[in-house]
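*Asks:* One letter stands for each residue in the lines below.
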Amino acid sequence: MADRIILQVTRYRPEDEAQPTFREYEVPCPKEWVVLDGLNYVKDHLDGTLSHRWSCRMGICGSCGMTVNGEPKLTCATFLSDYAPGPVRVEPLANFPIIRDLVVEIGDFMQKLAHVKPWIIRQEEKPLSEGEYQQTPEELDAYKQYSMCINCMLCYAACPVYGLDPKFLGPAAIALAQRYNLDSRDQGEKERMELLSQHEGIWGCTFVGDCTKACPKNVDPAGAIQRYKLKAALAWLKDIFVPRGAK
Amino acid sequence: MNVTAFHDVVLVGGGGAGLRAAIAIAETNPRLSIAVVSKVYPMRSHTVSAEGGSAGVVRPDDSLDEHAYDTISGGDWLCDQDAVEAFVKEAPEELLRLEHWGCPWSREPDGRIAVRAFGGMRKMRTWFAADKTGFHMLHTLFQTSLKYTRVVRYDEWFAASLLVDDGRVQGVVALELMSGKIEAITAKAVILCTGGCGRVFPFTTNANIKNGDGMALAYRAGAPLKDMEFVQYHPTGLPFTGILITEACRSEGGYLLNKDGYRYLQDYGLGKPEAKPVLRSMELGPRDRLSQAFVKEHEKGRTIETPYGPVVHLDLRHLGEQLINTKLPFVRELCLKYQNIDPVTELIPVRPVAHYMMGGVHTDIHGATPLLGLYAAGEAACVSINGANRLGSNSLPELLVFGARAGRAAAAYASSAAEPRSAVLAQAEDERRRMQRDLLHKIDGRERLAPLRDELHQSMEQSAGIYRSGNSLAQAAVKLRELQDRFRHVALQDHSRTFNTELMAALELSFMLDVGEAIVESALRREESRGAHQRTDFPARDDQRFLAHSLVYRNADGSCRVEYRPVTITRWPPGERVYGR
Ligand SMILES: Cc1cc2nc3c(=O)[nH]c(=O)nc-3n(C[C@H](O)[C@H](O)[C@H](O)COP(=O)(O)OP(=O)(O)OC[C@H]3O[C@@H](n4cnc5c(N)ncnc54)[C@H](O)[C@@H]3O)c2cc1C
Ligand code: SF4
Ligand code: FES
Chain G
303 MADRIILQVT RYRPEDEAQP TFREYEVPCP KEWVVLDGLN YVKDHLDGTL SHRWSCRMGI
363 CGSCGMTVNG EPKLTCATFL SDYAPGPVRV EPLANFPIIR DLVVEIGDFM QKLAHVKPWI
423 IRQEEKPLSE GEYQQTPEEL DAYKQYSMCI NCMLCYAACP VYGLDPKFLG PAAIALAQRY
483 NLDSRDQGEK ERMELLSQHE GIWGCTFVGD CTKACPKNVD PAGAIQRYKL KAALAWLKDI
543 FVPRGAK
Chain W
113 MNVTAFHDVV LVGGGGAGLR AAIAIAETNP RLSIAVVSKV YPMRSHTVSA EGGSAGVVRP
173 DDSLDEHAYD TISGGDWLCD QDAVEAFVKE APEELLRLEH WGCPWSREPD GRIAVRAFGG
233 MRKMRTWFAA DKTGFHMLHT LFQTSLKYTR VVRYDEWFAA SLLVDDGRVQ GVVALELMSG
293 KIEAITAKAV ILCTGGCGRV FPFTTNANIK NGDGMALAYR AGAPLKDMEF VQYHPTGLPF
353 TGILITEACR SEGGYLLNKD GYRYLQDYGL GKPEAKPVLR SMELGPRDRL SQAFVKEHEK
413 GRTIETPYGP VVHLDLRHLG EQLINTKLPF VRELCLKYQN IDPVTELIPV RPVAHYMMGG
473 VHTDIHGATP LLGLYAAGEA ACVSINGANR LGSNSLPELL VFGARAGRAA AAYASSAAEP
533 RSAVLAQAED ERRRMQRDLL HKIDGRERLA PLRDELHQSM EQSAGIYRSG NSLAQAAVKL
593 RELQDRFRHV ALQDHSRTFN TELMAALELS FMLDVGEAIV ESALRREESR GAHQRTDFPA
653 RDDQRFLAHS LVYRNADGSC RVEYRPVTIT RWPPGERVYG R
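First to last, the sequence lines map onto chains G and W. For what it's worth, our numbering labels the leading residue of the first sequence as 303, then goes sequentially. For what it's worth, our numbering labels the leading residue of the second sequence as 113, then goes sequentially.
Possibly wrong hints are sitting among the right ones.
DSBU-like mimics (lysine-lysine), calculated; alpha carbons at most 30 Å apart, straight line [stated by the list, open to error]:
no. : chain 1 : residue 1 : chain 2 : residue 2
1   : G       : K419      : G       : K333
2   : G       : K333      : G       : K469
3   : G       : K531      : W       : K554
4   : G       : K531      : G       : K519
5   : W       : K439      : G       : K492
6   : W       : K259      : G       : K419
7   : W       : K408      : W       : K235
8   : W       : K449      : W       : K384
9   : W       : K235      : G       : K446
10  : G       : K515      : G       : K428
11  : G       : K515      : G       : K446
12  : W       : K412      : W       : K439
13  : G       : K333      : G       : K446
14  : G       : K469      : W       : K259
15  : G       : K446      : W       : K408
16  : W       : K235      : G       : K428
17  : W       : K371      : W       : K412
18  : G       : K428      : W       : K412
19  : G       : K446      : W       : K439
20  : W       : K449      : W       : K235
21  : G       : K333      : W       : K235
22  : W       : K439      : G       : K519
23  : G       : K531      : G       : K446
24  : W       : K388      : G       : K428
25  : G       : K515      : G       : K531
26  : W       : K259      : G       : K533
27  : W       : K408      : G       : K469
28  : W       : K371      : G       : K333
29  : G       : K515      : W       : K449
30  : G       : K446      : G       : K540
31  : W       : K439      : G       : K428
32  : W       : K449      : G       : K519
33  : G       : K515      : W       : K439
34  : W       : K259      : G       : K446
35  : G       : K333      : G       : K519
36  : G       : K492      : G       : K419
37  : W       : K259      : W       : K201
38  : W       : K259      : G       : K519
Don't read these hints as lab results, they were simulated from the structure.
Same shape as in the complex, but just chain W (with noise of 0.2 Å):
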């Protein structure tokens, strides 16, 4: 088995999360040889089409406290107290380095940073790049990366699986796209920045290469997935696309209407309509509550029918054409370019959609799982900041000050720890002749790529999506299984070397069906409802049984347990989640 090459570090990932921590290792210890294996090249992450803004108090009005509050309830007090305290500290001083480093924050007009009011927040604190801040923040990242040339990248790589030797993680496994290749990248610690997991999902704002493949790694490996069943629906995705149409429209002041022109949300515990946009309010109040009122309003039959299922309008055009161009201009050439509605003189149609995972690989407030040599960042992991429903603006300084924190520990470790063992070789050597063997040279399958993916989506949406059943559930789990199965006898048409896109599908769908699986299962075990997991048959929250995390494990037959874990509480006690007052 070749080894390609040794470093002290691997990252698996390339986007937010992964760049800061590349860059935290190199200013930590910069002998350190660190490399980042990523499945596309670090631009093309999928931290580059977050819109709306990234969250971080400046103003002298607002305080830590109060974001810690807005953060916590937000989670319905399912977030890890001590890690949403070092959140807040440290996010204003990671938002003002990326300043430092040529981020082209959107200003006041004496040159100070501006900040837009988001959902949930009860204070202007989200730092916003006119309304491409992900893409403006991971372009500051890599353009800074490349500064440092202890940095090895490892473009268009794709990590298949972790090495894992005496109870410790020693590299990964990855394939080279360009050529075909499958070898072993060994390290003394793995940080896994891989991304979210939406693509389990029908409808979807994630990008194609969110598939959790992280997640599928580190859970293979034996570390266990926190919170799984807390998926994020954001209530304004354009139909057919999917594409996001950001918060900052609401809090620019942007009106959901129903089919009569009716601002529907005061009838669901939100407030009260004002002209203008009041925070943690209607418009402005957390995406847990307002996809949750989506559905009943579809209910009601206050929605409208299209041909890519039902919807409500955002309304902007009493926002002015200057104001949008300023700033939303990318919501404008979105709609212009995927809708082919001007959101100037025209109402935008739009949809609850699959967004953000809650959940992930569980780390401790260092990024470290419980498996050696091993960590996460970014929305790959779960410290866990978010609880049971994110703050919008939340995810992008957490992939900053958690990156920049599992690099810090990475690099710590790393600079003490062992040597890789050969062992390791020999297991890659296996993993390599699996997926020659299983995948890129088996021609006898009856199983194609495409409808078992179909299939999967059918089965998380209608199981797994705004609100759940314990007989719902339950039979996505028995559907999941046979997909399982099914995947043995999977054939590729695609036998070539070179830049097997089939083959890194194959290898996709094979993560997404163990994570819908971890999804199911820990939603199954859940008999309440919080923040994003609303169950119809336990639809109270029961602090007495679930204020706790659960943990996901994998079983040596593939199937899960679930485990759980107290939640830590410092200085605010569970209460009520009230919005609108």
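The shape of chain G in the complex, shown without the other chains (with noise of 0.2 Å):
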């Protein structure tokens, strides 16, 4: 195996690029290293101004996502030597404004998680003294896997849907609202639909799947977007068929 690889990233300082460009960078490459670390390399002893995110460097705190050789990926969780003999293109995010170098605004993204009300909506809280509500673990099947999702935004990167229309709730806080509407605690099921039914952009979601593709925790956000259509339209069908009063 090569050593060494060439790292392709791309270069935008929005004061002095117009545009953004690449850069090519010669870094180590031994079996162990991720691409953050050749990243890591370039910024320690090649080039001081290089900007990107990271923090935790074992997959869980979702800070270094981006665009490896096309595909959005976590890049603590890559191998530069999957890409040997190289050169690896590393790029920003797809679908989300540059700030600079490596790092997107994600904004957007913040506003949309909280929108859909993430957190136990309850009629009636139960006091502490009362001690836990009990979930027996299929209950917590139920939800699990949409409550692993580590808000890296793979997915949008790899939605074709958000890159065309913005507005688009998305896969990871589509999967978020389905994280609490299957809850056996939580009672916001209905507050939640009406929230996500203003998003005309659901039914656009063609199934394709690229999220659940891009997805490194294997949250499926697809298939929450399915199950929450699928609840829409019964609803929807449910509306139509019953006479008011009854709902």
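Make the complex out of the two chains shown on their own, each in a separate frame, by following the hints.
*Replies:* What follows is the structure in structure tokens.
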């Protein structure tokens, strides 16, 4: 195996450049190194001006998503040697505005998460003195998968609908809504369904499932969207065929 | 100077401690305006990486006194026992509150909370959410915090210094990464929840963001740091990456083996090897003892050499695929993805790794520091419930209990404290000029960040690792002074205002140098061995001289001064730490 590899990295400083460009860096490529190690090597030894986000280096904080050779990836969980002999193209996540270099603007995503009311909603809260809400392992399994999202946004970068229509709530936010809807402790499904139904975008999702394929944590956001649509369609049918007052 | 905003309370840090504090303030006094200033988006905070679990007494066969005793003996009697008593009492309530907020705790078949065994704990009392406990706790807290409209977030804002006037802390100066703006965010009270400082060491489980920022902020503002010599090494990190393989592996029955496949812990006073895990024995002994046993085993030539240093093996194979998949799925994922090893069929190479800071900003039992208006909670603080060695799964509940306490105390204080004074704005202006002159716009320095950081790392590893000596510490103290001097000549390559991560790294390195000095100086003065602080030249515990917390202050010339303060003993007089019997 080659012991070095070329990274082609997006560079963009809005004060200096009108358009993003690429710059090449040669970095070591031992078998343990991930793409992020390569970028950190560049920053420490070759070019201190490179900006990228990272933190945990263990695939759990969701900071380090980038486009690697055209695909959305967590750079801390993607081995450089898998791309040998190179070169490896590292770009910012697609579908988001670029702030600088490999850093994208995620304010819109953060608002979408908050928008679906991702907290337990109950008519009546049980006092702490009465102990826990019982939840069997089966009830936990009903929403567990959707609770595994690390907010890395790879699914947004992979989503053709979000690419065309930034108003689309998008895979992770819908999966998050479902995470609470399916939690046996929660009673907010109706409220959330109403919120979601204001977003026409959902019907544009054609279930290509690119989001689910991109997801590094097996959240299956496409499945969450599909379940939502089914439920919404049923509710709509009910609306048509059941007289109003009986809802 | 611009004031971006005025708030009643500013929290620095959006991890477990910061978010719990924010919610506590909102619930204590809904009229208060709360700012959460965080250098990363809150759900990226390092609480996210905690795997194993969170301790709190729930079972009828357990008791608060037993949790307190385990904590105090685990901490080698350096814990303040009044703080521990409050902690064990409030931990179960806090964990339950998180359950009500939606945390997906693992369950018993009948739907009750499940608990697991953990190192140094004599009863099963560690709540867990599979092996992503911190991840689920942090996301639950973050999502719940979105309900509270009085909480304003400053995401990706870096706090660079505290504003102090008239003996009162009145806000922070912060850098907004995206725009490069440097502004004052003033407040009546500030709570530091900035997490630990593992990154002062080269090989650590800690994320890139854990640079001891809050400790340095407090220290520079005149507040003392407490018990900084106590750094926890976790016995089982993956070589090269330092990724943590959770203690839960051993709770579930994993073995530690030397190069001959022998369960070597039996040679170090940790009990006899049994097939099934025995609480407070062998692999379930406390972390300091296990990490020290590794060093001894290495000295005997019984570890395995790898390109990334010596290792021993963690053996999970006998647990079977099904148990590993349900109880330790993240461990399997981490081994497969980062080490290319399947723990179902293969041995996991592990070595001790710098993991957790027992010390931190000195606070009382309400999270208040001696500096008026300044509070601290979480790993950045030292209350102290962790003493000389933290027990696994005590940190996550600590974030909740003392995050909430600090939040309530700061809320009470801010409800009646005076408004910030205008003098702090001039201070903020000075600070902004300093950052621009000394770092952002400076072009003539001869030092680069990465080599300085590497030298700091080397020095800390050689002097303040698992075993220390007066000689190596004294050398490190000199070296760190030199690095402080050289840091003044650092020049950045990046002069851009937009998302300048090199500027942030420089500020972090300067914090780490201060924290490193505080660690080395406190370790040098403590001429005894206790918990995680092991001196080869003073191998015994010395309660006569050192049953005391060290408090390190910063002198005007930047050097350190160490003072001592008695430990609070309520019901458990110092005794021998006994494991495996
Ligand atoms: C791998 C790993 C596994 C662990 N497992 C367990 C476990 O199983 N059980 C257990 O009890 N404990 C565990 N711990 C310990 C525990 O997770 C930590 O002690 C705890 O999460 C720290 O939380 P915190 O809120 O204090 O800080 P963090 O979660 O680290 O958050 C710090 C916050 O401060 C912010 N910040 C820092 N500096 C600045 C600045 N200058 N300006 C603005 N913002 C700033 C950051 O952005 C972040 O939001 C583990 C630790 C690690 C590393
Ligand atoms: S659903 Fe998957 S890909 Fe999308 S943000 Fe969550 S973890 Fe990332
Ligand atoms: S650095 Fe945290 S997910 Fe990659």
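*Asks:* So, for every hint listed, does it hold in this structure?
*Replies:* Checked hints:
no.	hint	result
1	G:K419 x G:K333	violated (43 Å)
2	G:K333 x G:K469	violated (41 Å)
3	G:K531 x W:K554	violated (57 Å)
4	G:K531 x G:K519	holds (23 Å)
5	W:K439 x G:K492	violated (33 Å)
6	W:K259 x G:K419	holds (8 Å)
7	W:K408 x W:K235	holds (29 Å)
8	W:K449 x W:K384	violated (34 Å)
9	W:K235 x G:K446	holds (28 Å)
10	G:K515 x G:K428	violated (39 Å)
11	G:K515 x G:K446	holds (18 Å)
12	W:K412 x W:K439	violated (34 Å)
13	G:K333 x G:K446	violated (34 Å)
14	G:K469 x W:K259	holds (22 Å)
15	G:K446 x W:K408	violated (43 Å)
16	W:K235 x G:K428	holds (28 Å)
17	W:K371 x W:K412	holds (11 Å)
18	G:K428 x W:K412	violated (58 Å)
19	G:K446 x W:K439	holds (14 Å)
20	W:K449 x W:K235	violated (33 Å)
21	G:K333 x W:K235	violated (42 Å)
22	W:K439 x G:K519	holds (17 Å)
23	G:K531 x G:K446	holds (20 Å)
24	W:K388 x G:K428	violated (39 Å)
25	G:K515 x G:K531	holds (19 Å)
26	W:K259 x G:K533	holds (26 Å)
27	W:K408 x G:K469	violated (60 Å)
28	W:K371 x G:K333	holds (24 Å)
29	G:K515 x W:K449	holds (17 Å)
30	G:K446 x G:K540	holds (29 Å)
31	W:K439 x G:K428	holds (29 Å)
32	W:K449 x G:K519	holds (12 Å)
33	G:K515 x W:K439	holds (25 Å)
34	W:K259 x G:K446	holds (22 Å)
35	G:K333 x G:K519	holds (23 Å)
36	G:K492 x G:K419	holds (11 Å)
37	W:K259 x W:K201	holds (27 Å)
38	W:K259 x G:K519	holds (26 Å)
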